[in-house]
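Protein sequence lines correspond, in order, to chains C, G, D and B. When we follow the working numbering, the leftmost residue of the first sequence carries the number 13, and every step to the right adds one. When we follow the working numbering, the leftmost residue of the second sequence carries the number 13, and every step to the right adds one. When we follow the working numbering, the leftmost residue of the third sequence carries the number 0, and every step to the right adds one. When we follow the working numbering, the leftmost residue of the fourth sequence carries the number 0, and every step to the right adds one.
I should point out that these hints are in silico values taken from the structure, not numbers from a laboratory. Even glycine gets a Cβ: it sits at the ideal position worked out from N, Cα and C. Warning: the hint list may mix true and false statements.
Stated by the list, open to error - Mimicking BS3-like on lysine-lysine, the simulated pairs with C-alpha atoms at most 25 Å apart in a straight line are: (1) D:254 / G:162; (2) C:163 / D:275; (3) C:162 / B:125; (4) D:139 / B:57; (5) C:384 / D:274; (6) D:139 / B:139; (7) G:384 / B:272; (8) G:470 / G:444; (9) B:137 / G:384; (10) B:137 / B:24; (11) D:137 / G:162; (12) D:275 / C:162; (13) B:139 / G:162; (14) G:162 / B:57; (15) D:8 / G:88; (16) C:398 / C:470; (17) D:274 / B:24; (18) B:137 / C:162; (19) C:384 / D:28; (20) G:163 / B:275; (21) D:254 / B:202; (22) D:275 / D:254; (23) C:156 / C:193; (24) B:254 / B:237; (25) D:125 / C:156; (26) B:254 / C:162; (27) C:88 / B:8; (28) G:185 / G:15; (29) C:162 / D:274; (30) B:57 / G:398; (31) B:125 / C:163; (32) D:217 / D:28.
Said to hold, decoys possible - Computed footprint of chain G on chain C, listed as stretches where at least three residues anywhere in the stretch have a Cβ under 8 Å from a Cβ of chain G: (33) 279–293; (34) 318–328; (35) 521–532; (36) 554–565.
Chain by chain, the residues:
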Amino acid sequence: MRKELNILIGGEAGQGLVTVGELLTKALIRSGYNVHVTQSYMSRIRGGHNTYSVRVGVNKVASPVSAIDILVALNKETVELHQHNVTSNGLILKDQNIGLKKEGLVNIPFKDLAPSSLFENVVGLGFLSALIGLDKSMPEGCIKSVFGQKKPDVVQKNIEVLNSAYTFAQGQKIDGFRLDKSREEPGLMLTGNDGVVLGAMAAGVGFCAYYPMTPSTGIPMSLNARGDELGIVVEQAEDEIAAINMAIGASYAGARSMVATSGGGFALMCEGISLAGMTETPVVVVVGQRPGPATGLPTRTEQGDLNLVLYAGHGEFPRAIFGPGNPEQCFDLTIKAFDLAERSQGPVFILTDQYLADSYRNIVPFDLSEIKEVARPHDQCSDPEKYERYALTDSGVSPRLVPTLGPYLVVLDSDEHYPDGHITEDLEIRTKMVDKRLKKQAVLDADIVPPEYFGPDKPEKLLVCWGSTLGPAMEAIQNADQQNVGLLHFSQVWPLNKEHFKDYFSSPEKVVFVESNAWGQFRTLIEREVRVENAFSILRYDGLPMDAGYILDRLDMLLQGRK
Amino acid sequence: MRKELNILIGGEAGQGLVTVGELLTKALIRSGYNVHVTQSYMSRIRGGHNTYSVRVGVNKVASPVSAIDILVALNKETVELHQHNVTSNGLILKDQNIGLKKEGLVNIPFKDLAPSSLFENVVGLGFLSALIGLDKSMPEGCIKSVFGQKKPDVVQKNIEVLNSAYTFAQGQKIDGFRLDKSREEPGLMLTGNDGVVLGAMAAGVGFCAYYPMTPSTGIPMSLNARGDELGIVVEQAEDEIAAINMAIGASYAGARSMVATSGGGFALMCEGISLAGMTETPVVVVVGQRPGPATGLPTRTEQGDLNLVLYAGHGEFPRAIFGPGNPEQCFDLTIKAFDLAERSQGPVFILTDQYLADSYRNIVPFDLSEIKEVARPHDQCSDPEKYERYALTDSGVSPRLVPTLGPYLVVLDSDEHYPDGHITEDLEIRTKMVDKRLKKQAVLDADIVPPEYFGPDKPEKLLVCWGSTLGPAMEAIQNADQQNVGLLHFSQVWPLNKEHFKDYFSSPEKVVFVESNAWGQFRTLIEREVRVENAFSILRYDGLPMDAGYILDRLDMLLQGRK
Amino acid sequence: MVSIDDFGKFETAWCPGCGNHSILKSVKKALVEMELSPHECIFVSGIGQAAKAPHYLKTNVFNGLHGRALPAATGIKLGNPGATVIVQSGDGCNYGEGGNHFLAAIRRNINLTLLVHDNQIYGLTKGQASPTTFMGHKTKAQPRGNPSGPFNPVAVAVAMQANFVARGFAGMMDHLSDLIVQAVRHPGFSLVDILQPCVTFNKVNTFTWYKERCYELKDHDPGNWSQAMELSREWGEKIPLGVMFRGNRPVFEEKLPHPTGEPLYYNIPSKEKIKKVVQSYA
Amino acid sequence: MVSIDDFGKFETAWCPGCGNHSILKSVKKALVEMELSPHECIFVSGIGQAAKAPHYLKTNVFNGLHGRALPAATGIKLGNPGATVIVQSGDGCNYGEGGNHFLAAIRRNINLTLLVHDNQIYGLTKGQASPTTFMGHKTKAQPRGNPSGPFNPVAVAVAMQANFVARGFAGMMDHLSDLIVQAVRHPGFSLVDILQPCVTFNKVNTFTWYKERCYELKDHDPGNWSQAMELSREWGEKIPLGVMFRGNRPVFEEKLPHPTGEPLYYNIPSKEKIKKVVQSYA
Ligand SMILES: Cc1ncc(C[n+]2csc(CCOP(=O)(O)OP(=O)(O)O)c2C)c(N)n1
Ligand SMILES: Cc1ncc(C[n+]2csc(CCOP(=O)(O)OP(=O)(O)O)c2C)c(N)n1
Ligand code: SF4
Ligand code: SF4
Ligand SMILES: [Mg+2]
Ligand SMILES: [Mg+2]
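Sequences and hints are given; from them, build the entire structure.
If you want it as structure tokens, here you go:
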């Protein structure tokens, strides 16, 4: 009985490996296992080489691993590229039709088991389910929920195919890949993007504008799929500049409003971000990072846009930036982002990346009753004649009203303005308005999510990371030989409150920043706040996600003094 | 005899005060005086309140001052707004027709002395020239050079008007405003923008694209005016995104290439900047700062876009940023920018602001023979078949060839690419290409302009500034009561070399950063590099330029412990 | 009863004699005629001289970025389909920096009215060529004459079958205000391109220049696309004014998921509904 | 003599059966017909499936940003007016993200050729509506059907009097390569909008769908604007292919300050000339 398995399905784009992968993942989660999915795909629609890796465990799994227990090869290239990663007691399953003679390969007669190529996915699912010992009802149920709505006619056929594949696999008598029973409650199956989507819905998002861009396109598309049900307006804009300006317009009009994009698209939004800052209009901006500069590697992962997001937009205005580490944090922090955007009346950012955006995990279902009311503007004021959108207040925050819903007037201006919103070149007012805008920093400062610490009380070495590297780093400290490595993870990367973390930096012998970029951008931010003695960096920028093994290898090298 | 005078001409937009101001400035420079002009105008075409201040001195003048010696009021508002700044032995000249009864105002009968309102400017010029004792031939010569080319027919008329105004003024017997003789060689009359323009020409600029935006529009317009003479192609683009992409295209095609814009326009160029980084294409980017966020105060000054320029563009790639302090530095550093852009094959930035862009100074003529050859791409290679645009080299810099001029092929790609320029998703190549791009940092690091220090050997207080605040800060240390204030000015703000400045920070009791923004953006950069004990900031963000008085007032407060 | 005074009196930043003054008056007149109260309208603009217009109206104002009035207006209208949303900006703003949004707005056909103050020049930045400046027109920025051909907004809008396409002239205020009323009342996206003399920077297309050329359309059938297309070419010796084209493409708002007319502000889904969605991820 | 082989053979990242394959072949054929050597051409593209095309040609390539092929090409051509500059990109790239540059390129009339692989869909990002997608066409991103009307590039280009406007079809390679030759040879800005089946994401406008509708223009006079305008509306039951409009607006390069055809790379003003300019500031 295995406690854990890493299953990699590989093939060309267009061979449907995501469908097998997702069905399998769902079946595993419904069977009570923990999963961690890593998707790797090329920037093309057919051909090339893509993989879908499901790591499944009786206990929590939180990082990609390179060692493969079961390799499912839909084409020859997959065997060639990945066989050296298959463990000694691992298994390579391949389509019978792949002409490849090599010891120890198990052939699956996809063509024989499926009435047509459309059903080959389900053959894979059936085979794997039997192999690892899932109850057949589990993959069956998944087929029903996934195909049931879209194609009720094909459900029965699929189940038949599943059955024969399952039976065929049992007949093969391959032992040693059955998973131990798990006690986990079956939860949700969510990617980082899904976490953002559900968070936005829970926060009452009304409007989302976007221009398609990997890896964030899925967010507006999922919101749109529920548009009718929840009354969410999602508009595909002509370009990213339109998207951000639409979102700001909708926010002015009273909708909880957001955009989702990636680095290049976000670069185009910079002027719009500044508009949100100047006009004090709440907007939530999701930036799913991928390797740059320019078009870079459109379907891979990186954490290279922190600096850009931190300073995007000309001029000076406050902002908050979250860097969620997993789908749960995506959910929680998206809700928080909407609330904070409204309370600080400005842009709030959520930085994800392709790895997190596409990585499915099993998630304990959210308790929606726990979610506190998200702040919103108003439609009433005591003295409509005197209402001023930018009234000077002690906190810098002025009451925000929704235009046309009452007899007051709401005037918003991208130029410097009087409290009533009209354009001015009065330089004393200018100074007051700058002060007003910057004062709102206090709203953000008062509500910073502190970093989370994991590990021994007095670690000798401290790993520091942010965003999606949480899982890999967590596994790294758990797997570290000596029990003296701690981890500090930041899910909010701006603003920072030194008091939240300075003590963590004082005692360890070595502090190692773990980031998926080449510059160590977050390290620079932290070192602005606290003096870090003996700081090191573990960086990755080949487009693949960080993983525990990668971290530990380099940690060892660092500890041996090699840099 | 005066050693110095501050003359402020005020009126509405459309009253031609810039014409009087420029003629007067030219006459003063040709008479051998030092000048420092500050232009302040509103974002409108007619009406409102604009000023043109000429500070003229026998010795160097480098900062605006608020005390006015001669106020020339073209309208009533000018008297009302500025009379309290006129010194006790100062003078207010006003148009006779302004109905304003007040002691000590000298009336000029503009209408009587000018045959039509078109000539009123020259009345002002004649009057002022006589008042301060300029030889009449000086303003006469200026009229000839300024109007001579455009309107030869009106030159004679203007000179007649000048004569009568000059004679009229002499008849008024107003004493006490004659300037002492000066020994300065008459030099050039240049604004910061002019410095950039001449620097670009001297560097051999071939192409400039832009979308109009204050305060940078003058740069492409001046280049265009010489287009025929020098073969410079200047194109007004449909938007800023087009401008930066055109400039990158022209640079690929072999032209020395630049854009000029301001904060909001630059924000739109961020994606393009990243393209220059990824494709390793040289481009010089001039950002004339003005107060933001968003549209802000379009005609005023600020140093608020340093952070944005430092991190503009998604992904990671090297860059250099200059912050010239005066028109000479604009000239020198623009030449350097073109050279460095080519040698590092990437974007290089010049940060000016409205104050510097519009501020005329007298400049010692440049010695063009001293200018070293600016680097350029090539049109030949030994083995055209094997040419690779992104060949991996030790320095990270690959030979750059101009396409179509030889039998080689030049392939450029915004995606990650092979050495031959073609798109790849090979992740090992990716890592090599990131390393290659970042290695070029060494080219920039090897050629950093160190900050300049002015003042006593062991200052008790050190002012630190960058860009246009040079003059005001310089005057502040000269005027400081005690001779113990030093000044460190950075004309290159990125990259920084700690060795160039760390010693300056170790001895002073107090370090005071002087910046025209609200966040002290440069201070944050410096504090990343060196630990600064007892650091303070003098910040200004009302849209007006820094001046020596402003700095000294706040320095006093700081020293008295008030913050 | 709504009156002109309800929309306030403001000092403007415009030159005396500028065509913007009369456009402002025509707008007010149109609002009064439609009996729209100040708080029912949202005026959206970009940056430029024309774009300052909403500041001189007592109403709701969204004065956004140069070139980006239309996307902002789109978001506003989608957020609150019941509001009367009118976009007012210059030729540079809408056809230059904002050209892509102009195309998209026509395609979307949201019930917005776009008033373009078309002075064939960049006014606020002091006289560079705009997209509608004639070829060869000399400016300080185009000392050898504008090298590009002019953008013909009417031709493009008709070619794209924009729902309502009209041309007005600042010098004919009653005619103009009538066009504005028609534009606002017509469903879908409406364009009124307004010829606006810029007395300071455009010495070619002056008040007299326009006056001599403009004539009111009489027997034109705005439902006739081919005729409208032909008319759109008439732009030089004679300039036709009036409604050039009127279409009946379906209006975007009809396809919105939420009940038309209901502001998104009021549309708050119940926790039950959210819960159902969350459960579908199990 | 230039031959097809000179332009190389590459493995592509396109789906089998995709219309891009035949467009690539037509382009090569046209280059050979024009006797252009690989190093004389510069192919410029943006981002998308179509935009990968230049990577499959042995020639000079500038593969820039999504939507920004035209401005890059403009800079290239202004920098080196002697080069043959051909832009190749998708409908999303040119009419969506790059819509504003499309308008400006027509107005400038620089001697560039724009080949739009128009598959009426966003291919690379997996099937969202593009500007040319029909209204009502359902996609994953537009589950209730595309709410916007389609952009008609031919209509807009003709309305703006682009110098050369043609429509081709990936399924008619000889016809297409002939159009490309004509487009490159015609002075000024040339557009060839190429109908390109996307076998993966566009299940509406399939190869058969186009095939059934496309017909070659026979008696059309491309000099006749009104007729071209009428033709541009024919887009549905029947789709005309061929040269729709041919104009003779002056070419932008004629107005350049430097001698036409001379690359700016060679244009280095003497120190004497610079000195003269500097002295004018005294
Ligand atoms: C992104 C950006 N680019 C440039 C500008 C500078 N700018 C302000 S108004 C304007 C042109 C205005 O022309 P138009 O829209 O025709 O308005 P007009 O002043 O003629 O009424 C420009 C280029 C800006 N504010 N923002
Ligand atoms: C600024 C920016 N926004 C979005 C994208 C993502 N993107 C890449 S290709 C593409 C659409 C491609 O559509 P089209 O131009 O029609 O080309 P096709 O793939 O259909 O050939 C998009 C939206 C990007 N690369 N850059
Ligand atoms: S510059 Fe022209 S458009 Fe602007 S206010 Fe003056 S006349 Fe009107
Ligand atoms: S997705 Fe469509 S356009 Fe792209 S290669 Fe495949 S068939 Fe061609
Ligand atoms: Mg205009
Ligand atoms: Mg397409």
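Against the structure, the hints come out as follows:
{"no.": "1", "hint": "D:254 / G:162", "in the structure": "violated (60 Å)"}
{"no.": "2", "hint": "C:163 / D:275", "in the structure": "holds (21 Å)"}
{"no.": "3", "hint": "C:162 / B:125", "in the structure": "holds (19 Å)"}
{"no.": "4", "hint": "D:139 / B:57", "in the structure": "violated (43 Å)"}
{"no.": "5", "hint": "C:384 / D:274", "in the structure": "holds (15 Å)"}
{"no.": "6", "hint": "D:139 / B:139", "in the structure": "violated (50 Å)"}
{"no.": "7", "hint": "G:384 / B:272", "in the structure": "holds (17 Å)"}
{"no.": "8", "hint": "G:470 / G:444", "in the structure": "violated (47 Å)"}
{"no.": "9", "hint": "B:137 / G:384", "in the structure": "violated (62 Å)"}
{"no.": "10", "hint": "B:137 / B:24", "in the structure": "violated (31 Å)"}
{"no.": "11", "hint": "D:137 / G:162", "in the structure": "holds (14 Å)"}
{"no.": "12", "hint": "D:275 / C:162", "in the structure": "holds (18 Å)"}
{"no.": "13", "hint": "B:139 / G:162", "in the structure": "violated (63 Å)"}
{"no.": "14", "hint": "G:162 / B:57", "in the structure": "violated (52 Å)"}
{"no.": "15", "hint": "D:8 / G:88", "in the structure": "holds (24 Å)"}
{"no.": "16", "hint": "C:398 / C:470", "in the structure": "violated (59 Å)"}
{"no.": "17", "hint": "D:274 / B:24", "in the structure": "violated (54 Å)"}
{"no.": "18", "hint": "B:137 / C:162", "in the structure": "holds (14 Å)"}
{"no.": "19", "hint": "C:384 / D:28", "in the structure": "violated (48 Å)"}
{"no.": "20", "hint": "G:163 / B:275", "in the structure": "holds (21 Å)"}
{"no.": "21", "hint": "D:254 / B:202", "in the structure": "holds (22 Å)"}
{"no.": "22", "hint": "D:275 / D:254", "in the structure": "holds (24 Å)"}
{"no.": "23", "hint": "C:156 / C:193", "in the structure": "holds (24 Å)"}
{"no.": "24", "hint": "B:254 / B:237", "in the structure": "violated (41 Å)"}
{"no.": "25", "hint": "D:125 / C:156", "in the structure": "violated (67 Å)"}
{"no.": "26", "hint": "B:254 / C:162", "in the structure": "violated (60 Å)"}
{"no.": "27", "hint": "C:88 / B:8", "in the structure": "holds (24 Å)"}
{"no.": "28", "hint": "G:185 / G:15", "in the structure": "holds (20 Å)"}
{"no.": "29", "hint": "C:162 / D:274", "in the structure": "holds (21 Å)"}
{"no.": "30", "hint": "B:57 / G:398", "in the structure": "holds (13 Å)"}
{"no.": "31", "hint": "B:125 / C:163", "in the structure": "holds (21 Å)"}
{"no.": "32", "hint": "D:217 / D:28", "in the structure": "holds (23 Å)"}
{"no.": "33", "hint": "279–293", "in the structure": "holds (count 10)"}
{"no.": "34", "hint": "318–328", "in the structure": "holds (count 9)"}
{"no.": "35", "hint": "521–532", "in the structure": "holds (count 3)"}
{"no.": "36", "hint": "554–565", "in the structure": "holds (count 3)"}
Comparing the model with each numbered hint stated earlier shows that hints 1, 4, 6, 8, 9, 10, 13, 14, 16, 17, 19, 24, 25, 26 do not hold.
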